[in-house]
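*Asks:* Chains B and C: place on chain A using the hints.
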Amino acid sequence: MAPLLRIDSRDARPIWRQIEEGVQHLVARGALPAGAVVPSVRDLARDLQVNPATVSKAYQRLTDAGVLTVRRGEGTFVAAAPPPPEARREDRLHDEAARYASVAITLGATREEALSTFETAWRSLTDGAAEGEAG
Amino acid sequence: MNPIALEGLTVRYGARLALDQVSLAVPEGAVYALLGRNGAGKSSLVRCLLGEQKPTSGRALLLGRDVWSERAAILSEVGVVPEEPDAPPSMTARRLSRFCSRLYPRWDAAGIEARLKRFGVSPDTPFGKLSKGQKGQVMLSLALAGTPRLLVLDDPTLGLDAVARKAVFEELIGELADRGTTVFLTTHDLAGAERIADRVAVLSQGRVVLEEEMETLKQRFRRISFPNSRKEAVARLETLAPVAVASRGWEVEAVVSRYDEERLVREDEPEVSALTLEEIFIAVTGAAGETGP
Amino acid sequence: MRGFIAVVEREIYERRLLGVVALFLGLAAIVLPLVPGLRPGGVSVEDLRSGMAVGFALLLGALLAVFLGSSILAGELVERRLGFYFARPLSGRVIWAGKIAAALTLILGAGALILAPAALTGGGLSLSGMWGTWFWNLSGVALIPLAVAGLLFLLLAAHAASVVVRARSPWVILDIVALGLVVLLIDGSFRRLIDQGIYPTQSVWDGSRILSETGVTAWLFWALLPTVFLALAIAGAAQVIHGRTDARRGHRILSATLWGILLAAAILSAAFASWVLAAGPRDLRNADRLVAAPAGTWIALSGPALHRPGYHPSFLYDFGSGRWTPARFGHIATFYDDVEPAVRFSADGRRAVWLDYEGLPRVDPVIHLYRMDLDRPGARPVRTTTTFDAMPGSLALSPDGRLLAFYHWSYKDRSGRVIVQETVSERLLASIRYESVSSRPRLVFTPAGRLRLYEASMIRRPGFPAEIRESPDGISEIDLSSPSPRVEPTGRMPSARGSGWSLDVVHDRALLRGKAGLLLCDGRTGALLARVGEPYSYGYFLTDGRIAVLDRALNGARALRLLTEDGRSELRRWDFGGARGLVPAGQPSPGRLRVVVSATGSPGGGWDLRELDLESGASRSLGRRSLIYPTHGRDGQPTSSLAGADGILWYDPVSLQERVLLKG
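Chain order of the listed sequences is A, B and C.
Per my numbering: the first sequence = residues 1 to 135.
Per my numbering: the second sequence = residues 1 to 293.
Per my numbering: the third sequence = residues 1 to 664.
Isolated chain A (complex conformation):
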């Protein structure tokens, strides 16, 4: 798990968010398939050299969001994600798009610039997924 998840001290996001979103990305890319076991709070904390409470918070949020499940006595696993209801998914996409657009406008980007940047990000993620599938 260590090389897959990295904490960046230069990242403006809090550590728990970095872990949370990191796991989410790994799950989204398929690097963590459904049912795969994830390291315990203790182990991940030691690996990343971060406060276990931080890992615990991230895990808690992921569990609440349904990304991870805890099976007593056995550990924490990637949940078999049920397909989110259409409506939620639509709203979510819309919210994220709106946020991105707002940030881009504030920064004075043109529409073309914003779109091309988006393209680049998408490509990098899907390419990574492709790598994951291959490896």
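Misleading hints may appear alongside valid ones.
[To be verified] Label-pair restraints from in silico Cβ distances:
#1 I173/C / D178/B: 54 to 62 Å
#2 G120/B / R42/A: 15 to 23 Å
#3 V177/C / Q21/B: 32 to 40 Å
#4 E271/B / H94/A: 25 to 33 Å
#5 M1/C / Y13/B: 33 to 41 Å
#6 Q21/B / E21/A: 37 to 45 Å
None of these hints come from the bench; they were simulated from the model.
Using N, Cα and C, we set each Cβ at its ideal position, and we do this for glycine too.
*Replies:* Just chains B and C, lined up with the frame of chain A:
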């Protein structure tokens, strides 16, 4: 009850004021990092904290009790790792464990053995013959074996190489994960501190100049740079409370302590980046302590 | 408690090599004496073994005490280790106590290990002998607590000194000053007490006397000794408990505590010494020596002081006004192997002289002559320039106090002299060589202005060693108005083969008491004038020249007879039946005489005070008294004061009042 509470702690050596009305509190279960340059007053603070020194005024409360007057009783639940490993050089780790086991109500002798094995330290080597890293590891093991409610570590990784440092942190994190011990540490290892601590305080020239959650600290500090052509834009950053401004050939950069995205003027072409704890620390103490120790 | 034991064990374990060293020394002590040539002649193997063992034990013990004392708690090295202790749940008390206990155990244990081989091999350990004599004649058993105390003291003192030195603070000046003050005050207190004689007169270094002495000096010693130990221990503990790992703070606390206690003790010592020496005549339990001025209300007295065992002060006391002055008069030998206070009053009671010695009576005392005018309100004793290297054999003051005479045998000149000088100016009037056979001739100024000497001669009996008579028989005179005064014999007194004599200077008569009866003789020629009483009767010269004789019949009956001046006629007689004790007790007026009578005659018992009217013969009782020293007065003067259980009774001749001078 906060495991640690300092109330108006003042320490004066003759004319010199080492600590000036320092007040802070460490909540239960927190990992609290105290940062400061050399000579900022950290050693005096730790000595007062452990009841080794009587403050000129104010008091230090450990586990709710005044540590100067009730030190022996309180310390049975506190694990201490000093800056300089100070166990008697002729004693082996095994003997040290045996000695300490008579002083603490709960002593985990097996735990020490396991830890020393993990560290690769032989329990029968005299303390004086161990390397510095190994000495620190023994002190940490001794501190943890008393199953303390509170851990006080005074620069536990000072002078350790990367491997030893990692080993110490791993041990610490394991303890935190297992038992949720409250931890108070002073350190120069800012990279390590920013990952493990959830609260941080900065001591500069005897005063607490900063004390908050790690998360909010990192949220509100940003570096904002402008191209040279826009250097007058720095003046417009007043509301963001800049703490340092520097000119770098091709750009001007300012470190602000009250970052608000909304307040940026996009015409000024600002470039915003987050700061590591080390960079925040330098900005805060560099600005406040121009004269240094 | 567990922490304490853990600390002790750890501290001892760390220094376990000492045991090896001690054992090695112990074996050396038993092996070395066997090496030929190492044994001094005349010393047995056993003695040398125990001597070496004890020597090694004391030496190593002392070294350890100093070394451990300075390192175990104050050493710089240990400061870091103290940090280790202080980061554990160990209270400062436990840390200090544990380390001191460990140090003591190491010191005493090492000592025992050194002594063990010598004690076990044959002869055992003889601690007396060589070592005993070195240490003040103490026996072996007493040496052990002394050694332990000494080592403990070294340990605690080394700790304190080390703290002071290692703190490297400029305030060490205060420590030095405080030490100086404490030493000065305490030494001064002892000196003052010893100077006033509150100490055995042997050498100060006689250790066994120190231990058995029970006077106030010993009190002070035994009070200060544990105080010093306690002060060191408490200060050391305070330094650890409150100074913790801060060297400077520890020094401040140690000094404040140590000097606080010791200065208080030193000041109390000085105050105690002052209190002891502030005793006045009213603080005497009783007066065992008392001389009253012939007139006036001054007396010279000495006795044991109340509540101050060992203190035996003497004073000149005016019981009329309450004024008093310390007057440390010595004692002069008289005939009959008795001593009397070396105080003389003039006949009018207006001047007193006495002999005082400086400090402790040592081998070469310096004895000073003091004088004092008693009638002036602000009068103080005056030390004259007259000094002696030994107690003069005799001292006399003329009736008007103007002239002073004494007989002195000087070690320097190896000769005796009779010296007469003016009292105030000390101008020498006569200095006559005179070798007194008895060494204590009685000197008396006669009304005619001459100096009379009463001397006892030698008895030479064939086959017996020569000895000096107990009573005087030779009478001589010195004419002071002559240009070259000489001692001129004037007569001889008969021997009463007895044990008492008294003198009436005014009428120049003497009464001799003895087996031959009570004899009245002429004071100048010694001629027998009359036999006025039976053997061993007492005789008294009354103020008007008449004589009172106390007869004691074989059946115990006592009678008091009043005789005429020439002793030939009896004027009156009082019978007292079987009274066992009867002592004249002063004349309140010329016509009256008081006596105390007792059925049992024992001191402390009940005595009946009676007043006899000399003219009418009447006798009336004045009540019962409890008396301690009813004694027959000197020189035939009826005692005008009696030391009683409730004080000293004085009969004021003017008001005819009986007064109690001191409350017992």
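*Asks:* Honestly, which of those hints from before does the structure not fit?
*Replies:* none
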